[in-house]
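> Residue numbers (the numbering used here), protein chains in the order written: chain A, 1 to 208; chain B, 209 to 354.
Derived by calculation from the structure, the hints in this document are not laboratory data.
On a predicted model such as this, the values are computed, not experimentally measured, just so you know.
Keep in mind that the hints are not guaranteed to be accurate.
[What the hints assert, rightly or not] Mimicking DSS-like on lysine-lysine, the simulated pairs with C-alpha atoms at most 25 Å apart in a straight line are: (1) A:199 <-> A:127; (2) A:122 <-> B:277; (3) B:227 <-> A:66; (4) B:227 <-> A:8; (5) B:215 <-> A:127; (6) A:8 <-> B:277; (7) A:94 <-> A:43; (8) B:215 <-> A:199; (9) A:94 <-> B:277; (10) B:215 <-> A:194.
Residues per chain, in single letters:
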Amino acid sequence: MPFINFSKDEIQCKIVYYGAGFCGKTTNLQYVFNQMNEESRGKMVSIDTRGDRTLFFDFLSLNLGKIRGFDIRVQLYTVPGQVHYDATRKLVLKGVDGVVFVADSLKVQRKKNIESLINLAKNLAEKGVSIRTIPLVIQYNKRDLGETDSELLPLEVLEKDLNSMLKVPSFPGSALKGTGVFETLREISKLVVKDVSRKIMLVDQQFK
Amino acid sequence: MNIIVTKEDLSKINFYLNKVVSASLAHSILLIDRSGQLITQYGNTLDIDVLSLSALTAANFGATAEIAKMLGEEEFTLLFHKGRSENVYFTAIGDHVILVTLFDDRTSLGLIRLRINQISGDLSNVLVSIFEGGRTVPLGEPERRS
Ligand SMILES: Nc1nc2c(ncn2[C@@H]2O[C@H](COP(=O)(O)OP(=O)(O)OP(=O)(O)O)[C@@H](O)[C@H]2O)c(=O)[nH]1
Ligand SMILES: [Mg+2]
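Extracted from the complex, chain A is given alone in its bound form:
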């Protein structure tokens, strides 16, 4: 849930990067961390197994500047993608305001992507949140491995598998090279802030 602090004129939102194990969620955050200047980002905290697979989450706090007089602060989290970490994924989803679903473009991961998206829908539903209404963006990651490569799923197939029902904004990208990373982040931030500011308009007369 967005956290609106009228005493500091600040809004805090929580964005979670979701997706199957190894799809590139942590790499997305690392790229953002490395590119942002120090004034607008905090430290990156990772709870992982010896610097590799995410065990609990990665966390990165960003300051996105002012909208309608409010400082917008977003907190990015990743979940651990491996199937057996479902309990920790649920904990990370607590209070989520927006989701980036990172899909792995590798052919061998086709089924894993679909399973992970279903798992997301289920875990959101348990919290009373519908995947059809929460701000959501999909990223088709690892495109650097080559459009022509027979190992990669064509974008049309990925769209059909993952986005034919949801119809949310989607971006091809490479978290490793950095393409599509900020497009994805910008879009999800825009959707979340739009969602929140609609709510503020309804309350600022009441509470300011």
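Given the coordinates of chain A, work out where chain B with the ligands should sit on it, guided by the hints.
Coordinates of chain B with the ligands only, in the frame set by chain A:
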């Protein structure tokens, strides 16, 4: 759902946090919601990354609560980490909020717990009005995507 904190709420909350800090010599207190968002901090936290601390605390608290459930407990009531000079004590206030008290050897866990117990009821009432007081705005139908 969105959570709205007004200036008035914060001055009430800070009043209670001040009571604890000044009567126990704890050096700082953070108030965090269970999803990891920092609501307010009181006392001397200048050189700590409070946002990361909030995220880690909520996760730690959530994980510990799940462990308790697995063991058939509703929740562990005492969560305390002791270091060589710094200690941290976690207290759940109601269903939504965690109080994180940082203190050193100038004081004791016993005194901290006593002071928190003395204000937890009142503080909890303020928090209930924020989290459950119907202050979340009715949004009508959720926006559907085309
Ligand atoms: N070629 C290529 N490799 C990538 C890309 N993104 C991530 N990788 C690699 O994929 C592996 C897994 O990336 P992570 O970011 O750790 O994956 P994750 O989604 O966080 O995985 P879990 O923490 O297990 O859920 C690493 O070796 C990355 O270097 C990409 O865009 N292109
Ligand atoms: Mg990871």
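> A separate judgement is required for each hint: does it hold in the structure or not?
Quick rundown of the hints versus the structure:
no. : hint            : result
1   : A:199 <-> A:127 : holds (20 Å)
2   : A:122 <-> B:277 : holds (21 Å)
3   : B:227 <-> A:66  : violated (34 Å)
4   : B:227 <-> A:8   : holds (22 Å)
5   : B:215 <-> A:127 : violated (29 Å)
6   : A:8 <-> B:277   : violated (37 Å)
7   : A:94 <-> A:43   : holds (21 Å)
8   : B:215 <-> A:199 : holds (18 Å)
9   : A:94 <-> B:277  : holds (17 Å)
10  : B:215 <-> A:194 : holds (24 Å)
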